[in-house]
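Sequences and hints are given; from them, build the entire structure.
Chain residues, written in single-letter form:
Protein chains: 2
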Amino acid sequence: MAVYTEISDEELDVFLEAYDLGRVLSYKGIAEGVENSNYLLQTEAGTFILTLYEKRTKPEDLPFFLALMDHLAGAGFACPTPIHGRDGAALRELAGRPAAIVSFLNGVWPRRIQPHHTQALGDAMARMHLAGAGFNQTRANDLSLAQWRPLFEEVSDRADEITPGLGEVIGAELDALDSHWPTDLPTGIIHADLFPDNVFFLGGEFSGIIDFYFACTDSYAYELAICLNAWCFEPDNSFNITKARAMLGAYTKVRPLEAGELTAITWLARGAAMRFLLTRLYDWFHQPEGALAARKDPREYLAKLRFHQGLSGPGAYGLDG
Amino acid sequence: MAVYTEISDEELDVFLEAYDLGRVLSYKGIAEGVENSNYLLQTEAGTFILTLYEKRTKPEDLPFFLALMDHLAGAGFACPTPIHGRDGAALRELAGRPAAIVSFLNGVWPRRIQPHHTQALGDAMARMHLAGAGFNQTRANDLSLAQWRPLFEEVSDRADEITPGLGEVIGAELDALDSHWPTDLPTGIIHADLFPDNVFFLGGEFSGIIDFYFACTDSYAYELAICLNAWCFEPDNSFNITKARAMLGAYTKVRPLEAGELTAITWLARGAAMRFLLTRLYDWFHQPEGALAARKDPREYLAKLRFHQGLSGPGAYGLDG
Numbered sequence: 000m001a002v003y004t005e006i007s008d009e010e011l012d013v014f015l016e017a018y019d020l021g022r023v024l025s026y027k028g029i030a031e032g033v034e035n036s037n038y039l040l041q042t043e044a045g046t047f048i049l050t051l052y053e054k055r056t057k058p059e060d061l062p063f064f065l066a067l068m069d070h071l072a073g074a075g076f077a078c079p080t081p082i083h084g085r086d087g088a089a090l091r092e093l094a095g096r097p098a099a100i101v102s103f104l105n106g107v108w109p110r111r112i113q114p115h116h117t118q119a120l121g122d123a124m125a126r127m128h129l130a131g132a133g134f135n136q137t138r139a140n141d142l143s144l145a146q147w148r149p150l151f152e153e154v155s156d157r158a159d160e161i162t163p164g165l166g167e168v169i170g171a172e173l174d175a176l177d178s179h180w181p182t183d184l185p186t187g188i189i190h191a192d193l194f195p196d197n198v199f200f201l202g203g204e205f206s207g208i209i210d211f212y213f214a215c216t217d218s219y220a221y222e223l224a225i226c227l228n229a230w231c232f233e234p235d236n237s238f239n240i241t242k243a244r245a246m247l248g249a250y251t252k253v254r255p256l257e258a259g260e261l262t263a264i265t266w267l268a269r270g271a272a273m274r275f276l277l278t279r280l281y282d283w284f285h286q287p288e289g290a291l292a293a294r295k296d297p298r299e300y301l302a303k304l305r306f307h308q309g310l311s312g313p314g315a316y317g318l319d320g
Numbered sequence: 000m001a002v003y004t005e006i007s008d009e010e011l012d013v014f015l016e017a018y019d020l021g022r023v024l025s026y027k028g029i030a031e032g033v034e035n036s037n038y039l040l041q042t043e044a045g046t047f048i049l050t051l052y053e054k055r056t057k058p059e060d061l062p063f064f065l066a067l068m069d070h071l072a073g074a075g076f077a078c079p080t081p082i083h084g085r086d087g088a089a090l091r092e093l094a095g096r097p098a099a100i101v102s103f104l105n106g107v108w109p110r111r112i113q114p115h116h117t118q119a120l121g122d123a124m125a126r127m128h129l130a131g132a133g134f135n136q137t138r139a140n141d142l143s144l145a146q147w148r149p150l151f152e153e154v155s156d157r158a159d160e161i162t163p164g165l166g167e168v169i170g171a172e173l174d175a176l177d178s179h180w181p182t183d184l185p186t187g188i189i190h191a192d193l194f195p196d197n198v199f200f201l202g203g204e205f206s207g208i209i210d211f212y213f214a215c216t217d218s219y220a221y222e223l224a225i226c227l228n229a230w231c232f233e234p235d236n237s238f239n240i241t242k243a244r245a246m247l248g249a250y251t252k253v254r255p256l257e258a259g260e261l262t263a264i265t266w267l268a269r270g271a272a273m274r275f276l277l278t279r280l281y282d283w284f285h286q287p288e289g290a291l292a293a294r295k296d297p298r299e300y301l302a303k304l305r306f307h308q309g310l311s312g313p314g315a316y317g318l319d320g
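In the order they appear, the protein sequences are chains S and C. Under numbering that gives the first Met the number 0, read the first sequence as residues 0 to 320, first letter to last. Under numbering that gives the first Met the number 0, read the second sequence as residues 0 to 320, first letter to last.
Heads up, some of the hints might be wrong.
Unchecked claim - Taking lysine-lysine and the DSS-like style, the derived pairs with C-alpha atoms no more than 27 Å apart in a straight line are: (1) S/Lys252 - S/Lys54; (2) C/Lys54 - S/Lys295; (3) C/Lys295 - C/Lys54; (4) C/Lys295 - C/Lys57; (5) S/Lys252 - S/Lys57; (6) C/Lys295 - S/Lys54.
Derived by calculation from the structure, the hints in this document are not laboratory data.
Here's what the structure looks like:
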C-alpha cells in the first residue's frame, strides 16, 4: 500500500500537456502496490494508471520495462500498454520522479486462490514467455544468486530477531545454493514478481498481468519456481499439489519443459523462496520513510524454503522428473 | 490515507448481487480519506465509490448521511448519490462493516488554494445550505461545544508534549468559549468537514462536494467559520483576507448573513479552530490500529486559534461587522 509521492492538480495538468488524453476528470492514489506511487487517472480519453517510480525502481531500467510492455501488448499479451506522448516518449518526469502513464487493465486479483486460477496462470505465464521471446532487449536479474549473499549481509546480525536460528539457516542455504544453482537452462524474459496481486481475472477468466518492474532475463523455470512459492501454498504454509499440478500442466501444454528444467525445479524453488525471504527480511528492518505498506512476514518464506529443502525431486510438485 | 478493511473479490461479488450494476470490472482501494475504507469500483454500469464505514462513523448515523445525500442530489446539488439495491436499500453490510455504494463524482480537489477556489466554495456552500433546508431529518453536532471539554480531558495530561503550555491555552479558551458561544443563530444542515480535499473542481469550476459523514444540524455561520480556518490560511499559517473575502462575498450573494451571524463569526472561528485542534490532538495520541494515515499536526490549529483570539471583529475576515 503506497502513495509515497503526492502530486498536485497543477503539476498534473502541466504533465498531461504532453499527451493527447484530454482534460483530467479525476485522479486518486491507489492503496495497493508497495514499490511505486500509483494513481488511477480518469481523463476525457478514458481510464489510466499513472505511476511515479520510487527509489527501488532504478531510472535506468525504466526504458526496458516500458519497451517490454509495449512489446508484449503488441504481441497480443494482456498487459498494460504505455501511453506515448505527442513527442513519442512514454517516460517523463512528474513531481521530481520518473513517471509514466499506462493503459488500465480490467480485472481483479484473486484473494483466495483456487486450482482454476493456477491453471489459468500457468497458461498465461507460458504465453507471456513465448511472447517475450521476440523482445530484443535484456536485463540481468539483479535479485538472483549473486545478490543474495550481499543482501543477507546487510541484515544477518538482526535475522535472529525474526526467529532464533534464522541467520544460520540462511547462511547454510546460501552455501548449498551456490553449489547447486542450475545454469544452462532455457532463458528469456520473465516477470519475476508474479504474485496473485499482479494477475487479474474477470468473471473467473484470466484478464491480464500487471507490474513488470522486476522483469528481467532469467530462466523460464525460475518463474515457475517463484509461482510455486507464491500461488501453491495454503495460508497455513502447507503445499497444495493440486494447484501446482494445474499450473505446471497448463504451462507445459503451451511450452513443454526440457529435462534439465524438470530436474532443476527443486533448487529453483529453494532459490525463489530465498529471494523473497531475503527481501522481506531486508524490508522488515528497512521500512522506507513515509511508506504506508504493511510489512510482510519473512517467516512465511522460511516455511516454504523448509518445504522445498525436504524434497528429493519434482514429483512433489506434480511433475514427473 | 486509509484502507482499513480489505475485501475479497468473492465477498464483493456476493455483495453486488443486491444491485443492478452488472459485473465487477475492477476495484481498487483509494489512498485518500482517513475515516473510512474507500474503493473505486468499476462495473459494467460505470464508476462508483464503495465505502466501508469504520469505527469513527456511528452505524446509527448512516441512514441520516445517506438520506441527506439523496436529498441534496435530488435538489440538484452536486454530490455523490447513494446507489440503491433492488430492495431499495442503500445501506448494507460487507466484510463485517456497514457499507454503501455512491455515484462517482468527477473532479479533483485543489492542492494550492486560490481566491477563485474560495469564491466557488462560498457560492456552493450557500447553495448547499439552501438545498439542505428542505431535508426533514436532523442530527446533533456531536463534535461541538459540549463535547470539546470531555475530548480535551482525554488528552490534557499529554497536551504539553505537543508544545509547552498547550494544555493551559486550551483550558482557558474552553472557559471563554463556554461564556461566549453564540446561540440563536440560523441553523440547518451543514457539512461540518468542508476541507479542500472534500471539494472538487473540474477545469477551474466547482464540480461537487463529497464525504458527508460529519454532516449535522448546526448554525450555518459555523460552517463558514470552519472554512475560514480550512481554506483561508496560508501554509505558513498567515491569514489571507483576499480568500476570506472571496468566500464570504460569494456566500452572502446566495444567502445573506444576519447581523447576529456577523457579530458571532469571531467566536465561531475560535470554536472551529478548537474543534480541529482537539480532534487532531486526540488523534495524535490515538492513532488507530492499522491506520495508514499520516498524523496531522495539531499546532497548525493552535496558530489559527491564536489568530482569531487577537481579533476584535469580523472586519479582519473581510466582513463588515
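Against the structure, the hints come out as follows:
This hinted pair does not check out: S/Lys252 and S/Lys54 have alpha carbons roughly 39 Å apart, beyond 27 Å. Of the supplied pair hints, the one linking C/Lys54 and S/Lys295 holds, its CA atoms being roughly 25 Å apart against a limit of 27 Å. Only pairs whose Cα atoms come within 27 Å are accepted, and C/Lys295 paired with C/Lys54 is accepted, the gap being roughly 19 Å. Between C/Lys295 and C/Lys57 the CA atoms are separated by roughly 22 Å; this keeps the pair inside 27 Å, and the hint holds.
Proposed proximity of S/Lys252 and S/Lys57 is contradicted: the alpha carbons are some 36 Å apart, above 27 Å. Distance check on the hinted pair: C/Lys295 and S/Lys54 sit about 25 Å apart at the alpha-carbon level, within 27 Å; holds.
The structure does not agree with the numbered hints 1, 5 stated previously, though it agrees with the rest.
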